[in-house]
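Number of protein chains: 2
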Amino acid sequence: MKLFDMTGAPNPRRVRVFLAEKGIDVEKVQIDIMGGENLQSNYLAINPRGVLPTVQLDDGSIIDETSAICRYFEETNPEPALYGQDAVSKAQIESWIRQIEGDAFAPTADVLRNSNPAFENRSIPGTDNTPQVPALADRGTDRVKAFYARLDNHLAGSDYVVGENYSAADITAMCAIDFAEYVGIAVPKALGNITKWRNRVSSRPSAQA
Amino acid sequence: MKLFDMTGAPNPRRVRVFLAEKGIDVEKVQIDIMGGENLQSNYLAINPRGVLPTVQLDDGSIIDETSAICRYFEETNPEPALYGQDAVSKAQIESWIRQIEGDAFAPTADVLRNSNPAFENRSIPGTDNTPQVPALADRGTDRVKAFYARLDNHLAGSDYVVGENYSAADITAMCAIDFAEYVGIAVPKALGNITKWRNRVSSRPSAQA
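Protein chains in written order, with the working numbering: chain A, 77 to 285; chain B, 77 to 285.
Calculated from the structure, these hints are not laboratory results.
Note that this is a predicted model, so its numbers are computed, not measured.
Because identical chains cannot be distinguished in the list, a pair is counted as satisfied if it fits within a single copy or across any two copies.
Only pairs whose alpha carbons sit at most 25 Å apart, straight line, appear in this in silico SDA-like list of lysine to any residue:
#1 Lys-265 with Asp-204
#2 Lys-78 with His-230
#3 Lys-104 with Ser-282
#4 Lys-98 with Arg-174
#5 Lys-104 with Ser-165
#6 Lys-221 with Gln-116
#7 Lys-221 with Ser-117
#8 Lys-221 with Asn-205
#9 Lys-78 with Gln-161
#10 Lys-104 with Pro-201
#11 Lys-98 with Gln-161
#12 Lys-221 with Leu-115
#13 Lys-104 with Ala-163
#14 Lys-221 with Thr-203
#15 Lys-78 with Val-164
#16 Lys-78 with Ala-163
#17 Lys-98 with Asn-275
#18 Lys-104 with Thr-203
#19 Lys-221 with Leu-120
#20 Lys-221 with Ala-211
#21 Lys-98 with Pro-281
#22 Lys-221 with Val-209
#23 Lys-98 with Ala-163
Only chain A is shown next, with the shape it has when bound in the complex (with noise of 0.2 Å):
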């Protein structure tokens, strides 16, 4: 099994910081999306989407999407649970994990995809071309700064996101915030619980996989 990764990228972090969680161990080969690596003819041989994280399984199959890699592997390695335990923490695992995903990690790629040139005609990840959208850019700043005060209110006096657990709902804001700064959209200072629990699941040894 292999692990099609890009160590600079938000997404196939949150693989990795998964993985680390769960004590796996993936053969990892270094894919450059910047550069354009993705979307070469050695690696549309493997994925013809273009996309990463990708996981090639030893019978030369692949599974791609971030979420889908490590339901895999949730599956295959149940311990630790980091989709929840029962149908309820399961269902608030996935509903954070979308929000997160929507109000953070989707509109920080709009800023960074819609106004870094490294990616011209490549606004949406994957083999087609698509122009940027410069409005997206201020859109996505704003969205992020919004999804700062929201979490920060739902994290008021809880260790994690969801539950007293630590899960990949965790995982997924942790490497979206981080994401979100790296852009340039610090968190405020003033928001305290987002700083407390950013230290707490940042101290993982998982975070730094």
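Please arrange chain B on chain A, whose structure you already have, making use of the hints.
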């Protein structure tokens, strides 16, 4: 338990079809998104995010986000399994759901919400004012057409989106494509694999839910 629902909206429909396949009956409450009822105080008291679909459990707590609601019912009513039966099929179904959402649902929503006057300052679902970005309408149409071509190719020789069983990936694709056609992005007649598959899934009684 109550499902806050809107008959004509694509994401609530995904939940209704899912419930119909499971044979689960849930009380439904209609909320008019086009008229902004989801952003009025009565509904915000139930779900402060103002999004649909939302399930309210008997203890008053809520589950929102389509995939979280469906996964909740997959846990409480496992048969028939709609999210796969083993690690690989579960991962492939999740991957295809993400691809359909990202490459068909999201760009179709971009078209509708960035061109229809009913969504002025509501280009993103929820309570935040987000101005329309007209460029997203054209980009969205192009992206859905590209997805149609890719899905048609994928469906060659297959009865369902993943493997040999009807799954949540079929529900997602059916609702996404019906939504795209409603918005004016018709499936080209030349794409016979989509048409055959669509007739297959649309003839199930659940498609009328």
